[in-house]
Amino acid sequence: MGKSLHRPDYYNPMNKKILLLGYGNPDREDDGVAWHVLKGVAEGLSLPLPATPDDPILSFENRVNFQFMLQLVPEISETIAEHDCVCFVDAHTGDITEPVRAIRIDPKFQKSPFTHHLTPYTCLELADSIYHKKTEGFLVSIRGFSFQFEEKLTDKTSQYSKIAVVLILDWLKTGVFKEIGVK
Amino acid sequence: MVAQKITIEPVTRIEGHAKVTIRMTENGTVDHAYLHINEFRGFEKFCEGRMVFEMPLITPRICGICPVSHHLASAKAGDEVMGCPPPRTASLLRELMHMGQVIQSHGMHFFELAGPDLLLGFDSDPATRNVIGLLAADPELTVKAVNLRKFGQEIIHTLGGRRIHPVFAVPGGVNKSLHLEERETILKELDESIRTIEAGLSIMKDWAEKNAEDINKFGVFDTGYFGMVTPENGLELYEGNIRLIDREGKQLECFDRRDYLDYIAEHVESWSYLKFPYYKKLGYPQGVYRVGPLGRLNIADKIDTPMANAELKIFKSIGNGRPVNQTLYYHYARLIETLFAAERVAVLLDDPDIMSNETLNTKHDFKGRGVGVIEAPRGTLIHDYHCKPNGQVEKLNLIVSTGHNNWAMSEAVDSVAKTYIRGPEVKEGMLNRVEAAIRAHDPCLSCSTHAIGEMPIVAEIVDFEGNLIRTISR
Numbered sequence: 001m002g003k004s005l006h007r008p009d010y011y012n013p014m015n016k017k018i019l020l021l022g023y024g025n026p027d028r029e030d031d032g033v034a035w036h037v038l039k040g041v042a043e044g045l046s047l048p049l050p051a052t053p054d055d056p057i058l059s060f061e062n063r064v065n066f067q068f069m070l071q072l073v074p075e076i077s078e079t080i081a082e083h084d085c086v087c088f089v090d091a092h093t094g095d096i097t098e099p100v101r102a103i104r105i106d107p108k109f110q111k112s113p114f115t116h117h118l119t120p121y122t123c124l125e126l127a128d129s130i131y132h133k134k135t136e137g138f139l140v141s142i143r144g145f146s147f148q149f150e151e152k153l154t155d156k157t158s159q160y161s162k163i164a165v166v167l168i169l170d171w172l173k174t175g176v177f178k179e180i181g182v183k
Numbered sequence: 184m185v186a187q188k189i190t191i192e193p194v195t196r197i198e199g200h201a202k203v204t205i206r207m208t209e210n211g212t213v214d215h216a217y218l219h220i221n222e223f224r225g226f227e228k229f230c231e232g233r234m235v236f237e238m239p240l241i242t243p244r245i246c247g248i249c250p251v252s253h254h255l256a257s258a259k260a261g262d263e264v265m266g267c268p269p270p271r272t273a274s275l276l277r278e279l280m281h282m283g284q285v286i287q288s289h290g291m292h293f294f295e296l297a298g299p300d301l302l303l304g305f306d307s308d309p310a311t312r313n314v315i316g317l318l319a320a321d322p323e324l325t326v327k328a329v330n331l332r333k334f335g336q337e338i339i340h341t342l343g344g345r346r347i348h349p350v351f352a353v354p355g356g357v358n359k360s361l362h363l364e365e366r367e368t369i370l371k372e373l374d375e376s377i378r379t380i381e382a383g384l385s386i387m388k389d390w391a392e393k394n395a396e397d398i399n400k401f402g403v404f405d406t407g408y409f410g411m412v413t414p415e416n417g418l419e420l421y422e423g424n425i426r427l428i429d430r431e432g433k434q435l436e437c438f439d440r441r442d443y444l445d446y447i448a449e450h451v452e453s454w455s456y457l458k459f460p461y462y463k464k465l466g467y468p469q470g471v472y473r474v475g476p477l478g479r480l481n482i483a484d485k486i487d488t489p490m491a492n493a494e495l496k497i498f499k500s501i502g503n504g505r506p507v508n509q510t511l512y513y514h515y516a517r518l519i520e521t522l523f524a525a526e527r528v529a530v531l532l533d534d535p536d537i538m539s540n541e542t543l544n545t546k547h548d549f550k551g552r553g554v555g556v557i558e559a560p561r562g563t564l565i566h567d568y569h570c571k572p573n574g575q576v577e578k579l580n581l582i583v584s585t586g587h588n589n590w591a592m593s594e595a596v597d598s599v600a601k602t603y604i605r606g607p608e609v610k611e612g613m614l615n616r617v618e619a620a621i622r623a624h625d626p627c628l629s630c631s632t633h634a635i636g637e638m639p640i641v642a643e644i645v646d647f648e649g650n651l652i653r654t655i656s657r
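Here the protein sequences come in this chain order: A and B. Residues in the first sequence are numbered consecutively from 1, following the working numbering. Residues in the second sequence are numbered consecutively from 184, following the working numbering.
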């Protein structure tokens, strides 16, 4: 996470410590949409823009923090537990038909039988179980269409990512999280 | 009861796609079980035309699970292509980063993927047969397990500097030296990490003692074993020759990594996209072998760190002079390697050369071809580059660890399915054992992309006419 900047009070009226946690592979086209969304939110908040996914995004007095990862890992639960709210940002495919889905999520272990990757639900559960912190969870996901070795988003996903940016900015400004789609 | 087919299919998007099909007979026993893997091979094409010095940055993108292994194997291949062997300090630092990768990957696998089966039982409630259930059963251990992974990850971050794409190893060395305070920080956490690994070993051995019957019928079969060794045939994860032993433990070959194509060929089966490597002289399937922790400990005569070597002696006693061939002992071997990696961190940090600033060899003597091999957590990883005189990659061959184990994973799935599945009712615990047979090998089936919306594991039972009889959703 980056250094802190002072911002006007009208952001984050919830007065909660918020983590925007994007994850995905920015080198695999739409899989990296979360990186673009985080950058869009930073831009919307007039924050200095990071040049690469490795560069930190400066936060507001540590009240709204940004983090981007290639994949979710168990130790991120410690960071989650340091926040009141976490908003995961990812791509989605398959059965989820909405261009953008925004839902509240609860702690719940989800099995990943063969792989090392974790889900947002599991990370929340780990934060609760290990650090006894019930961090409020949100998940904003954007429909992805292509996952080849490219750094750019497809046109559709790029368009949808802007909707996600507006949705997150509205939440940060008003404190109201507009849910879209079903859990 | 009609003949039926059960399919276990974690539906992912691209190269992470794998599926288990269990074809049953009319009397409810298993006829045959298959593991199908859709491997994505587009990456080699993607790399053609890139400059060799870019490759250590590009190849980690293949995989979100073990990017460090690709990063280092690629840099090693680049050393050879450019004819610029790294200074000793650079090799020590690269190996240190590699040990961090082994600790974090093996630690996560044992405590978070395999541990729940062992500690809570294959047949325990799937709702709690996971790391959360483990936490309830032993909260202190679970927190330590998370910290163990974090320790390995911190070593990588300390050296790599960046979270997503490490910018560390380059052809000819590394671009960062180790600072004194970084060395001290790593050392401070080491003892606690070793204690956690010892706790894991204690759990594993206790479980093995109580579950000997299961271990001795769960995916037990003979193969050859393959991996890197020190010049004295000790366990080696970073740099060495490749040793291949037969089913009885007799050495078949010990060869220079550059010559791997003289010894390995790949067989194709119609039911899997992933090829099946085998030892050429014995042919397929007689020449199939296993890699990864079980393979490496079977080919090693010793380990050059004391605590891991003591464990190796116990491990070797299981085989009673022959290689250990029980699939579930992959877990024990994995923990012994984790202990070795932690001990090796101390050895590396105690080496006075590791603090030197001589980290890069800038003199080049272009060779054109380079083969970088590393023992990734899952097994031997080979990067083979052919480059034009300007350093542009003309052709490359990547053999990933999971590929070597393809036959063994399929065999384990078949063997476990035949041993444990008894129809007509297929219970969850039976399918969990089939999954555990794959899990033991810690395959890298997951890819570097992982968007949500994936289906859970689905087992489909289909009759001999293709009609869906039942769906088991996990």
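No wet-lab data here; the hints were simulated from the structure. It is possible that some hints are incorrect.
Think about it this way: if two alpha-carbon atoms lie no more than 30 Å apart in a straight line, the pair counts; the simulated BS3-like pairs of lysine-lysine are [what the hints assert, rightly or not]: (1) K202/B / K111/A; (2) K152/A / K133/A; (3) K111/A / K134/A; (4) K327/B / K111/A; (5) K156/A / K228/B; (6) K228/B / K152/A; (7) K111/A / K496/B; (8) K400/B / K388/B; (9) K134/A / K400/B; (10) K578/B / K152/A; (11) K333/B / K133/A; (12) K111/A / K546/B; (13) K485/B / K202/B; (14) K393/B / K111/A; (15) K333/B / K111/A; (16) K111/A / K610/B; (17) K133/A / K371/B; (18) K333/B / K16/A; (19) K111/A / K458/B; (20) K601/B / K202/B; (21) K550/B / K228/B; (22) K111/A / K173/A; (23) K546/B / K359/B; (24) K393/B / K496/B; (25) K327/B / K133/A; (26) K400/B / K359/B; (27) K499/B / K485/B; (28) K485/B / K496/B; (29) K333/B / K546/B; (30) K202/B / K359/B; (31) K178/A / K111/A.
Chain B is faced by these chain A residues, among others (derived, beta-carbon under 7 Å) [what the hints assert, rightly or not]: (32) A81; (33) E125; (34) H132; (35) V182.
Think of the CB as a built atom: it goes at the ideal place given N, C-alpha and C, for glycine as much as any other residue.
These are the hints, each one checked on the structure:
no.	hint	in the structure
1	K202/B / K111/A	holds, 16 Å
2	K152/A / K133/A	violated, 37 Å
3	K111/A / K134/A	holds, 20 Å
4	K327/B / K111/A	holds, 21 Å
5	K156/A / K228/B	holds, 26 Å
6	K228/B / K152/A	holds, 19 Å
7	K111/A / K496/B	violated, 35 Å
8	K400/B / K388/B	holds, 17 Å
9	K134/A / K400/B	violated, 43 Å
10	K578/B / K152/A	holds, 26 Å
11	K333/B / K133/A	holds, 19 Å
12	K111/A / K546/B	violated, 50 Å
13	K485/B / K202/B	violated, 37 Å
14	K393/B / K111/A	holds, 26 Å
15	K333/B / K111/A	holds, 21 Å
16	K111/A / K610/B	holds, 17 Å
17	K133/A / K371/B	holds, 27 Å
18	K333/B / K16/A	holds, 27 Å
19	K111/A / K458/B	holds, 28 Å
20	K601/B / K202/B	holds, 17 Å
21	K550/B / K228/B	holds, 22 Å
22	K111/A / K173/A	violated, 35 Å
23	K546/B / K359/B	holds, 18 Å
24	K393/B / K496/B	holds, 20 Å
25	K327/B / K133/A	holds, 18 Å
26	K400/B / K359/B	violated, 49 Å
27	K499/B / K485/B	holds, 10 Å
28	K485/B / K496/B	holds, 8 Å
29	K333/B / K546/B	violated, 37 Å
30	K202/B / K359/B	violated, 42 Å
31	K178/A / K111/A	holds, 28 Å
32	A81	violated, 11 Å
33	E125	holds, 6 Å
34	H132	violated, 10 Å
35	V182	violated, 12 Å
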